[in-house]
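Use these hints to put chains P and F with the ligands onto chain S, whose structure you have.
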Amino acid sequence: MTDELVTIEVDGRELQAKPGTMLIDVTDAAGINIPRFCYHKKLSVSANCRMCLVEVAKVPKPLPACCTPVNDGMKVSTRSPLALAAQKGTMEFLLINHPLDCPICDQGGECELQDVAVGYGSDISRFSEGKRVVPQRDIGPLIATDFTRCIHCTRCIRFGAEIAGVRELGATGRGEHMTIGTFIEKSVDSEMSGNVIDLCPVGSLTAKPSRYQARAWELTQYSGISAHDSVGSNIHIHTRNNRVVRIHPKENESINEIWLSDRDRFSYEGLNSEDRLTQPMIRKNGEWLKVGWQEALEFAVKGLQSAAGSDGDQLATLVSANSTLEELYLAQKLTRGMESNNIDHRLRQSDFRLDGNDSPIPGLSITISGVESLDAALLIGSNIRKEQPIIAHRLRKAANNGANISLINPLWIDLHFVADQFVSTPAMMVNNLASIAKAAAAKLTGNLAKIVKAAEVSNEAKAVAEQLKSAESGAILLGSQASAHPDYSVLVVLASAIAEATDSSLSYLPAYSNSVGAALAGATPHRGVAGVPIEKSGANAELMQSMPRRAYLLMGAESDFDFWNPSLINAALDQAECVISLTAYRSDSLESRADVMLPIAGFAETSGTFVNAEGTWQSFNGVVKPQGESRPAWKVLRVLGNLLGIDGFDQNSSNDVLEEIKSLTADLTIDNSVSTKTAGEMNSSTKGLCRIGDVPIYASDALVRRAGSLQKTNDAVTASIRLSANQAQKGGFEDHQDIIVIQDNNRTQLPLIIDPRVPDGAVWISSALPGTEMLGGQYGEVILEKA
Amino acid sequence: MANEVCFRTLEYLKQPWELDEYKSRGGYEVLNHILKNKIEPSEVVETMKTSGLRGRGGAGFPTGLKWSFISRNAPGQKYVVCNSDEGEPGTFKDRDILRYNPHQLIEGMVIAGYAIGATVGYNYIRGEFWEEYERFEAALEQARAAGFLGDNLLGSGFDFQLHSHLGGGAYVCGEETALLESIEGKKGQPRFKPPFPAHFGLYGRPTIINNTESLSSVPVILKEGGEWFKELGVENSGGSKLFSISGNIKNPGVFEVPLGTPFSELFKLVGGMKDGHKLKAVVPGGCSSPVIPGEQMMDLTMDYDAIQNAGSMLGSGAIVIIDDQQCMVKLLDRMSYFYHEESCGQCTPCREGTGWLWRVVNRIENGKGRQEDLDLLESVCGKIAGRTVCALGDAAAMPVRGMLKHFQEEFQYHIDHKKCMVGAGPTKGLG
Amino acid sequence: MNKFMNPLQTRNKEEIFSAEIREDIDRWIAKYPPEWKQSAVMAALRIMQDDNGGWLTTELMDDVAEYLDMSPIHVYEVATFYSMYELKPVGKHKICVCTNIACMINDSDAIVKHLKEKLGIGFGEVTEDGRFSLKEVECLGACGGAPMFQIGRKYYENLTPKVVDSILDGLE
Ligand SMILES: Cc1cc2nc3c(=O)[nH]c(=O)nc-3n(C[C@H](O)[C@H](O)[C@H](O)COP(=O)(O)O)c2cc1C
Ligand code: SF4
Ligand code: FES
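Residue numbers (our numbering), protein chains in the order written: chain S, 1 to 787; chain P, 1 to 431; chain F, 1 to 172.
Isolated chain S (complex conformation) (with noise of 0.2 Å):
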């Protein structure tokens, strides 16, 4: 292969270009438009729909644009009559059988087949028999279907099979008779499978959430981030009457190209829940009153005031890593203006022993874009499709590349690429992990180094260390199933002991939209701004539990389903004499704690800054009116520090916290590094039936769990007990019967389904769902007993 460039004209413009380029990759980089349907930059190519036909000197036929390479001295012309006549057949073919129901189509306006049609259609139709019509089919919650308007470019097949991993969609039946669809009634499942309705040019497939719900051009777009995973998604919110209707990706590459996941994209239902709380209320004589800003705010700083005032260790400060980075930084000035280092947004996690040997600000250590040029990559408790959909189309393409990827994980992961799993429970994947620490000659001391010397070095052990060893790019990932481990700084000294035998980069796979943000904002007990340690730790969000204070101030965390044990919080609460909770809802378990209710703004309603997980800082604005009267976090943070006297509270907008942030902060990026090479004796029980309380992937912030149509996705799941055939038979359970499970003295009953991904050993009961509320932390020895 050459590098030279080849020099071509198109409508009399030179152009140069690799040699072998396709052409409407050559004429789209210089900003001349040809139309087409089939061809997409993200996609392969299919060349059928026969739109951007275009006229090449000494060719008799019009040739396809998308599909003609390029060669030296080539004389396009995109606009001559050959070319014109040609593109203009195509469009009187598609037109014939597309209906006329722009009028109630949701694709009206944005349609690229309009769009096409006023320059190339002609108005009258020629063709006067019966237009083809295809019966209708319901393929899930997400996306609503007209098939008898489909084009047939088979954008929708190719993004499944090529981005989402998954053949859902196909075409079946021949010629005319071909139709896009699932064949049989089947809800289409992909986490990713949104993004067919962005890919579909005209309105066979749009968003079911909002449909009917606006016409195209009576929407204002605005750019905004996404507020799930620590991917931080661009995208761009469409907003009508105050409303958000719907969310598209905005085009990032280097972030989430142009995809989006279900999550961001249909998560904003939410913001119009029922349950939103859209006026301050405090508790009197165990009654809720609405109340004004002031009464409340008052309320709140006399309680914290009479309950922690004298004692700053008697405030405890737990807060949602989905927060803005200047609403944590504010949480955190707050509390330490209080003279308490007690707040912790490591809301799961229960394993702290790394403290202070811990990495300073963890994060993605190698790009997001960089993941898919990995070779070789180690994934340690992370159930990445549901956790991260974005990051792992990255590991996909890197896998359908030939990169070796292996999981350790308490659960078989339905994975969408090739790769190794070690499924045990969760004890044993300590010792999974510790054998590719053998076979890795990985160095570490005290009880760790007698941990891995016991190891047994399997041969798949051996692989993975040697594929990590040989690969150019190779990275070892602790996931969200990672941090709330009961050993997790095990797992983490292992993993970077490991990755620095294999000259691997140690990277986390956060969980939040601003878990990386949380840590650079101070927003733990034993580091400060920065990752700056603190000479007198402050209580982890473990100990702010099981040492209950006397004052919470929640922000954004409802303790039913963002703790990792939520009966340890709740006993806290209820034993609080003042809890304040910053919340956009109100819930069931904040109401019968909580004294004060102050409502904040929620997604899009706020400004603010996302730091993702490589560590790139991505600023937005509010773009809807809060709800009622709810407000943004940060002026409610800012009103109360001003109320409780301390200094530093007088910012005049999000931006002045953020370049105060800024100020502490300069450069800092990710930092992994990993101070100990040895760790505390072993948590996990290695006796009875370990639980695995994973979060499942619509339960995991408050927005989600209260967005409608994903909350009718089959990954909606409720309450259960899985558990492996074989344990079912052993404690004599028959499948979806109904069985009581225990959990530190604590018990419920729940329906057992009979999972082949649960090993032995364990039970797999996710947490955040209704139901599981009164049971543990998300790891922990259970009982089970027939009902």
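Where hints are given, some of them may not hold.
DSBU-like mimics (lysine-lysine), calculated; alpha carbons at most 35 Å apart, straight line [unchecked claim]:
(1) P:Lys193 x P:Lys14
(2) P:Lys36 x P:Lys49
(3) F:Lys113 x P:Lys280
(4) F:Lys162 x P:Lys419
(5) F:Lys116 x S:Lys469
(6) S:Lys186 x F:Lys116
(7) F:Lys37 x P:Lys280
(8) F:Lys37 x P:Lys368
(9) F:Lys31 x P:Lys274
(10) F:Lys37 x F:Lys113
(11) P:Lys186 x S:Lys61
(12) P:Lys278 x P:Lys368
(13) P:Lys280 x F:Lys162
(14) P:Lys278 x F:Lys154
(15) P:Lys274 x F:Lys116
(16) P:Lys268 x P:Lys368
(17) F:Lys116 x P:Lys419
(18) F:Lys37 x F:Lys13
(19) S:Lys687 x S:Lys730
(20) F:Lys37 x F:Lys135
(21) S:Lys61 x P:Lys36
(22) S:Lys58 x P:Lys368
(23) P:Lys419 x F:Lys135
(24) S:Lys462 x S:Lys186
(25) S:Lys462 x S:Lys41
DEER-style ranges, computed between Cβ atoms [as the list claims (entries may be wrong)]:
(26) S:Pro81 x P:Asn251: 46 to 56 Å
(27) P:Gln296 x S:Asn400: 50 to 60 Å
(28) P:Ser379 x S:Gly108: 40 to 50 Å
(29) P:Asp375 x F:Gly124: 28 to 38 Å
(30) F:Asp69 x S:Val717: 20 to 30 Å
(31) F:Pro89 x S:Ser80: 39 to 49 Å
(32) P:Gln308 x S:Pro81: 26 to 36 Å
(33) F:Pro89 x S:Tyr212: 51 to 61 Å
(34) S:Val717 x P:Ser379: 52 to 62 Å
(35) S:Ser80 x F:Gly120: 41 to 51 Å
(36) P:Ser264 x S:Pro81: 38 to 48 Å
(37) P:Ala74 x F:Gly124: 48 to 58 Å
(38) P:Phe69 x S:Ser80: 53 to 63 Å
(39) P:Gly225 x F:Glu117: 54 to 64 Å
Source of the hints: derived by calculation from the structure; they are not laboratory data. By construction, the Cβ of each residue, glycine as well, lies at the ideal position given by its N, Cα and C atoms.
Chains P and F with the ligands in isolation, oriented as in the chain S frame:
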């Protein structure tokens, strides 16, 4: 001078398909010779080029030239694929090769493999040809047992495995890239080209794909020499060819005659028209080739140039002879229905256009035609031809244009009188 | 250390089809490169169709998909593309009548008319006793014997209504 190539066993042998009988007419001698004497593959390709053999599947592309596109020494798997899909209406010659001379096809494929450095071949047989498939399988067994297929053929170090693949009923799978997709376990949707199969073929590997008759001609060409073969035919149309002749004639069948043979001679061979009717028209090269009026046909010779100059194509050599009792509108209605039915549906002009063509012809046939329909047909043809992924689109347009060119008055009559010009009157549900 | 086989694959290949069927399908799989098992999909569908009285159910297509490690939709695409696969029940004897040009001009209309009258069914239908079904097909490559039809795997050429009677009467 008939029956010298693909049918060389036919009239001489009782069980022409059996291995022993094939060998008795010189079968596998060429393969033996090539392998024993380690003939240079390039020499084989050169002979094929000299022979002037043009692909018998319909497109008439020179076989030797096609083979020369593959660099024999490039590493990795290469394939030889035989196209026995035989779906072009009117064509039934490859079926006879499979039935009566399967070993010659096998020998041809092994030699092709040797020439391009392929060690695996597939013969794609249309699914309906079950009996022919069984015959071919039986021949494969014999060839394997005799060491003409398998590893280290005749001690030469050259391996060649040959398998049959059965189609499932889709005309478009006769198109070479659709056929490859079909072997790959997919719908038979043609690929866009470039890349051509010689570079990116079966399983993404370099592949040559040839018609059954083309490949079956190979052993004889190599035995008798390229010049010999070329001399059988005429300028630009080397060799002899199988003609499938059907229609309103006395003795339909497959006939091997030299290219350049006058149509009138073939007409005699088939015994002329049946039931005392008169010759009206001839479809000279399969359904896709434009129709030619009978009297014009009587002056033509059967070779690529002559038929092309008459505005049609020799195609697969499928001659359908039509008598004066037939309504050309009804005939076109049926032809257009075929393309509409068989379009793979992938590309817009063919998917939408073939249906449109058929509906317009069908309404003319049914007495609902309008005056503007004739222009409309021409214009729709113009929008299909040359703009599709594969040549099925052209194949659908050509017969329409041919009919309008030579028999427009019959269509006009249908439109004007809402009935047929010929025979007993209205044909289908005309009222 | 336990490294699991994919537990979501709940069935062993042996559980999907009988030994006989597997042998038949495996014979086809063996013809293609190991990573191209899906090349055997057309054969597998045909084998299952024959085994099921001439037509394919969704369950059978799903079984084929599982056996060949393909996604079900891919198998549906194949099964609906090729005309020889039937997705609805057919008669014990599926009569495929060619009506394409060579047969048409040799009066396949008369054959079709005769069949329809004799069997009392139209194209795409099955006789009440389940013995026969009729299907109109495109050129079967036997134009020299026009008009013709295929029943099961066998071609019958040079048909006349009388010949048709004797063929049908001779079937089991
Ligand atoms: C729609 C369509 C159908 C075709 N059907 C056949 C066929 O049935 N048999 C065949 O040999 N070639 C058929 N061809 C031609 C093949 O694409 C290809 O040119 C041929 O197999 C090459 O072999 P040859 O060079 O030996 O002729 C068809 C082409 C098209 C476009
Ligand atoms: S021309 Fe017809 S058969 Fe060929 S690719 Fe296009 S749609 Fe398919
Ligand atoms: S964009 Fe080129 S054929 Fe569709």
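Okay, the hints, checked on the actual structure:
no.: 1; hint: P:Lys193 x P:Lys14; verdict: 45 Å, violated
no.: 2; hint: P:Lys36 x P:Lys49; verdict: 23 Å, holds
no.: 3; hint: F:Lys113 x P:Lys280; verdict: 26 Å, holds
no.: 4; hint: F:Lys162 x P:Lys419; verdict: 31 Å, holds
no.: 5; hint: F:Lys116 x S:Lys469; verdict: 73 Å, violated
no.: 6; hint: S:Lys186 x F:Lys116; verdict: 38 Å, violated
no.: 7; hint: F:Lys37 x P:Lys280; verdict: 51 Å, violated
no.: 8; hint: F:Lys37 x P:Lys368; verdict: 51 Å, violated
no.: 9; hint: F:Lys31 x P:Lys274; verdict: 47 Å, violated
no.: 10; hint: F:Lys37 x F:Lys113; verdict: 44 Å, violated
no.: 11; hint: P:Lys186 x S:Lys61; verdict: 29 Å, holds
no.: 12; hint: P:Lys278 x P:Lys368; verdict: 29 Å, holds
no.: 13; hint: P:Lys280 x F:Lys162; verdict: 29 Å, holds
no.: 14; hint: P:Lys278 x F:Lys154; verdict: 34 Å, holds
no.: 15; hint: P:Lys274 x F:Lys116; verdict: 27 Å, holds
no.: 16; hint: P:Lys268 x P:Lys368; verdict: 40 Å, violated
no.: 17; hint: F:Lys116 x P:Lys419; verdict: 25 Å, holds
no.: 18; hint: F:Lys37 x F:Lys13; verdict: 13 Å, holds
no.: 19; hint: S:Lys687 x S:Lys730; verdict: 15 Å, holds
no.: 20; hint: F:Lys37 x F:Lys135; verdict: 31 Å, holds
no.: 21; hint: S:Lys61 x P:Lys36; verdict: 48 Å, violated
no.: 22; hint: S:Lys58 x P:Lys368; verdict: 42 Å, violated
no.: 23; hint: P:Lys419 x F:Lys135; verdict: 28 Å, holds
no.: 24; hint: S:Lys462 x S:Lys186; verdict: 42 Å, violated
no.: 25; hint: S:Lys462 x S:Lys41; verdict: 40 Å, violated
no.: 26; hint: S:Pro81 x P:Asn251: 46 to 56 Å; verdict: 51 Å, holds
no.: 27; hint: P:Gln296 x S:Asn400: 50 to 60 Å; verdict: 58 Å, holds
no.: 28; hint: P:Ser379 x S:Gly108: 40 to 50 Å; verdict: 30 Å, violated
no.: 29; hint: P:Asp375 x F:Gly124: 28 to 38 Å; verdict: 35 Å, holds
no.: 30; hint: F:Asp69 x S:Val717: 20 to 30 Å; verdict: 27 Å, holds
no.: 31; hint: F:Pro89 x S:Ser80: 39 to 49 Å; verdict: 55 Å, violated
no.: 32; hint: P:Gln308 x S:Pro81: 26 to 36 Å; verdict: 28 Å, holds
no.: 33; hint: F:Pro89 x S:Tyr212: 51 to 61 Å; verdict: 41 Å, violated
no.: 34; hint: S:Val717 x P:Ser379: 52 to 62 Å; verdict: 57 Å, holds
no.: 35; hint: S:Ser80 x F:Gly120: 41 to 51 Å; verdict: 60 Å, violated
no.: 36; hint: P:Ser264 x S:Pro81: 38 to 48 Å; verdict: 44 Å, holds
no.: 37; hint: P:Ala74 x F:Gly124: 48 to 58 Å; verdict: 50 Å, holds
no.: 38; hint: P:Phe69 x S:Ser80: 53 to 63 Å; verdict: 32 Å, violated
no.: 39; hint: P:Gly225 x F:Glu117: 54 to 64 Å; verdict: 58 Å, holds
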